[in-house]
Amino acid sequence: MRALRSVFYVVALPAALVALWWLLTLGSDSFWVPRPGELVSTFREVWIGPRFMDDVVPSLTRLAVGLVLAIALGILGGLAIGSSRVLRRLSEPVLEFFRAIPPPVLVPILMVLVGVNDTMKVLVIVSGAVWPVLLNTIEGVRGIDEVLSDTAKSYGIHGTSRITMLTLPAASPNFMTGIRQALSIGLILMVISEMFASSSGLGFTIVQFQRSFAVTEMWSGIVLLGLIGVLLAGIYSFVERRVLRWYHGLKEVEQSE
Amino acid sequence: MSETTPSPTGQPAAPGAAAPSAPTAPTAREERQEVLLSVRGVRKIYPSAAGPVEAVRDLTFDVRRGELACIVGPSGAGKTTLLKIIAGLLEPTSGQVILEGEPVSGPPRTMAVVFQEYGRSLFPWLTVRGNVELPLKNARVPAAERARRIDEALEAVGLAHAHRRYPWQLSGGMQQRVAIARAVAYEPHILLMDEPFAAVDAQTRADLEDLVRDIWHRLGVTVLFVTHDIDESVYLGERVIILSSSPTVVQEDVHIDLPDERSQLETRSTKQFADLRHHIYEQIQLAKAGIVPAQIAAGVTQKEV
Numbered sequence: 001m002r003a004l005r006s007v008f009y010v011v012a013l014p015a016a017l018v019a020l021w022w023l024l025t026l027g028s029d030s031f032w033v034p035r036p037g038e039l040v041s042t043f044r045e046v047w048i049g050p051r052f053m054d055d056v057v058p059s060l061t062r063l064a065v066g067l068v069l070a071i072a073l074g075i076l077g078g079l080a081i082g083s084s085r086v087l088r089r090l091s092e093p094v095l096e097f098f099r100a101i102p103p104p105v106l107v108p109i110l111m112v113l114v115g116v117n118d119t120m121k122v123l124v125i126v127s128g129a130v131w132p133v134l135l136n137t138i139e140g141v142r143g144i145d146e147v148l149s150d151t152a153k154s155y156g157i158h159g160t161s162r163i164t165m166l167t168l169p170a171a172s173p174n175f176m177t178g179i180r181q182a183l184s185i186g187l188i189l190m191v192i193s194e195m196f197a198s199s200s201g202l203g204f205t206i207v208q209f210q211r212s213f214a215v216t217e218m219w220s221g222i223v224l225l226g227l228i229g230v231l232l233a234g235i236y237s238f239v240e241r242r243v244l245r246w247y248h249g250l251k252e253v254e255q256s257e
Numbered sequence: 001m002s003e004t005t006p007s008p009t010g011q012p013a014a015p016g017a018a019a020p021s022a023p024t025a026p027t028a029r030e031e032r033q034e035v036l037l038s039v040r041g042v043r044k045i046y047p048s049a050a051g052p053v054e055a056v057r058d059l060t061f062d063v064r065r066g067e068l069a070c071i072v073g074p075s076g077a078g079k080t081t082l083l084k085i086i087a088g089l090l091e092p093t094s095g096q097v098i099l100e101g102e103p104v105s106g107p108p109r110t111m112a113v114v115f116q117e118y119g120r121s122l123f124p125w126l127t128v129r130g131n132v133e134l135p136l137k138n139a140r141v142p143a144a145e146r147a148r149r150i151d152e153a154l155e156a157v158g159l160a161h162a163h164r165r166y167p168w169q170l171s172g173g174m175q176q177r178v179a180i181a182r183a184v185a186y187e188p189h190i191l192l193m194d195e196p197f198a199a200v201d202a203q204t205r206a207d208l209e210d211l212v213r214d215i216w217h218r219l220g221v222t223v224l225f226v227t228h229d230i231d232e233s234v235y236l237g238e239r240v241i242i243l244s245s246s247p248t249v250v251q252e253d254v255h256i257d258l259p260d261e262r263s264q265l266e267t268r269s270t271k272q273f274a275d276l277r278h279h280i281y282e283q284i285q286l287a288k289a290g291i292v293p294a295q296i297a298a299g300v301t302q303k304e305v
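Protein chains in written order, with the UniProt record's numbering: chain A, 1 to 257; chain B, 1 to 305.
No lab work stands behind these hints: they were computed from the structure. Keep in mind that the hints are not guaranteed to be accurate.
To be verified - Dumping the calculated DSS-like pairs for lysine-lysine here, alpha-carbon to alpha-carbon at most 25 angstroms:
hint, chain 1, residue 1, chain 2, residue 2
1, B, K137, A, K153
2, B, K271, B, K84
3, B, K84, A, K153
4, B, K84, B, K137
Build out the structure end to end from the sequences listed, making use of the hints.
Here it is in structure tokens:
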């Protein structure tokens with residue numbers, strides 16, 4: 001019964017939206033807005049086939065590499081900056097400066113400096129996705145409870161043990177929030193990085209469709225991007241439920257008090 | 001000592017009143033001659049915007065191996081400052097703390113601390129068992145040995161059934177039991193407790209006090225128990241060190257000559273208990289008023305030489 005209900009909640013709104021779309025496009029033959037059935041068959045033609053290996057897989061690989069790098073850099077940097085007052089005070093204005101730069105403007109610069117290749121695209125993704133992870137990790141490390149910290153110290157937990165036994169788990173609610181933001185930023189930058197001087201990838205293909213007025217094909221690309229977003233969110237919440245089970249339990253107890 | 005009734009009201013305990021020869025429990029306590037912890041002229045001055053604040057002026061006292069000593073003082077007496085200095089978490093401005101002959105310069109391996117804020121001193125991402133295990137893992141205690149020590153410690157605090165739960169799923173009293181189990185499993189030579197029961201209800205508190213006496217008896221560990229509760233200090237301790245108001249010195253060092261077997265019901269209703277309580281209460285009032293016994297103010301402390 002409960003399983004049925006949760007399936008209902010997941011499916012109900014998308015189903016209603018598709019039904020509405022179907023109704024509104026019933027009997028229309030607009031060039032710009034395809035009908036649902038049309039889009040489904042185009043989607044199949046376009047994406048299930050060689051294009052999957054040629055465009056989708058490279059895009060997703062770059063996204064994955066970029067996100068992993070951004071998360072690793074963000075957490076490592078956040079641990080270092082968050083643990084040291086000197087580093088924190090030194091880096092604060094600089095971080096604000098870099099964070100304010102919209103990553104798309106870096107694309108031409110990176111193209112010149114790095115060349116038009118995978119490295120450039122990965123760097124664009126990292127340059128945008130690293131900030132929420134970094135800043136949230138700094139916040140989390142800085143906010144470690146003093147009593148908890150004293151407890152760890154009094155039991156001789158210092159150095160690398162302190163990082164693995166205290167700092168990382170204590171900051172995990174913060175950097176997980178950062179990772180969630182990084183996922184959507186990464187997806188956006190994946191597309192943008194492929195829109196300039198590229199020869200493969202989702203962003204490239206969608207722009208190609210746009211320019212050649214292959215409107216239904218372009219729509220199918222947009223749908224695919226949305227589905228990738230849903231997939232990323234699903235993976236995220238699967239991991240988060242496991243990593244932060246304690247945190248949600250703790251919050252629940254605190255709220256009921 | 002046992003045949004002469006203590007006269008706690010009146011003059012401060014004479015030097016020698018808390019002498020190690022006191023025959024409260026003659027067996028197995030002979031090694032008590034040995035000083036385990038020595039606090040020597042400890043002074044702490046905090047810098048602040050309004051100028052330096054002297055939290056602790058000059059504290060000198062010894063704790064012998066196997067002793068259960070309570071430190072009691074008016075609020076703001078620098079009890080927590082003192083405890084942090086003893087625990088190696090804070091540097092004194094001058095003076096030193098010597099544990100088993102070694103000056104304390106960081107948290108010593110043979111010491112465990114139980115903090116007042118149990119909710120903030122347990123690792124919320126670890127289960128009860130994980131919390132007790134963490135210091136042992138960090139000290140690279142082999143797994144089998146670790147398991148044995150965890151089981152024994154949880155058994156000792158009456159939490160053997162709850163080891164899979166998370167601390168935040170437990171009541172305050174049970175959380176503090178977890179913190180005590182963690183300290184016990186670490187097998188320290190000295191257990192420092194900083195007002196550990198200040199935040200639990202009276203009923204739970206009585207149970208936990210008995211737990212501390214029980215663990216002290218069973219393990220023979222030295223306990224230094226900081227509290228602001230006079231009754232608690234008399235009920236628990238063999239000895240109560242009264243601190244003055246800030247800037248802190250030792251107001252008086254009182255030997256608690258109650259029988260070793262204590263019970264919440266009986267002990268607390270004896271005349272002896274009431275007298276000791278009265279005396280300490282009086283001293284705290286004097287301390288609050290800023291009156292320090294003359295010989296202490298003159299620098300003569302009551303340590304045994």
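**Request:** Hint by hint, work out which the structure violates, then give me just those numbers in ascending order.
**Result:** Structure breaks hint 2 only.
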